[in-house]
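Full structure from sequences and hints, please.
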Amino acid sequence: MWRVIVNCSADSWVTQAKAFNEILAKYPTKPLSSKKMQGDGRRIMEFQLDDVSDAESLQDECLTLEGFMAQFESL
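Going by the numbering used here, the first residue of the sequence shown is number 99, and it counts up by one from there.
Derived from the structure by calculation, the hints contain no laboratory data.
Take these hints with a grain of salt, some might be off.
Derived Cβ-Cβ restraints for the label pairs, each shown as a range [unchecked claim]:
id: 1; residue 1: S151; residue 2: P129; range: 18 to 26 Å
id: 2; residue 1: K134; residue 2: Q169; range: 29 to 37 Å
id: 3; residue 1: N119; residue 2: E154; range: 18 to 26 Å
id: 4; residue 1: K116; residue 2: R140; range: 16 to 24 Å
Cross-link-like lysine-lysine pairs, in silico, DSS-like; alpha carbons within 30 Å at most [to be verified]:
id: 5; residue 1: K134; residue 2: K116
id: 6; residue 1: K116; residue 2: K128
id: 7; residue 1: K124; residue 2: K134
id: 8; residue 1: K133; residue 2: K116
Ideal placement from N, C-alpha and C gives every residue a C-beta, glycine not left out.
This is how it looks when you write it as structure tokens:
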């Protein structure tokens, strides 16, 4: 199993949330956590995927969105 961790700024979320959710809908993810940080409004989201190819692809697609950062790791 794999965990994909996605971070974005508050401004990026406002402008890219729809595109992010469209990307996320392509993959069989299980949400692990979602946090909106107080103060600056940054978001930190974690998703579980079973397939390493899906985890890598989700990471790569998230990186195409302005202001989004993503990484994946083994669980």
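Range hint compliance [Cβ, K134 to Q169, 29 to 37 Å] = violated (19 Å)
Does the hinted range 18 to 26 Å hold for N119 and E154 at CB?
-> 20 Å Cβ-Cβ, so the 18 to 26 Å window holds.
Is the Cα-Cα distance between K134 and K116 30 Å or less?
-> holds (17 Å)
Does K134 lie within 30 Å of K124 when you go C-alpha to C-alpha?
-> Holds, at roughly 23 Å.
Taking the beta carbons of S151 and P129, is their distance inside 18 to 26 Å?
-> holds (20 Å)
Distance restraint hint 16 to 24 Å, applied to the beta-carbon atoms of K116 and R140 | holds (19 Å)
Does the structure keep K133 and K116 at a Cα separation of 30 Å or less?
-> holds (18 Å)
Below or equal to 30 Å on CA atoms is what counts here, so check K116 against K128.
-> holds (18 Å)
When each numbered hint is compared with the structure, a violation occurs for hint 2 only.
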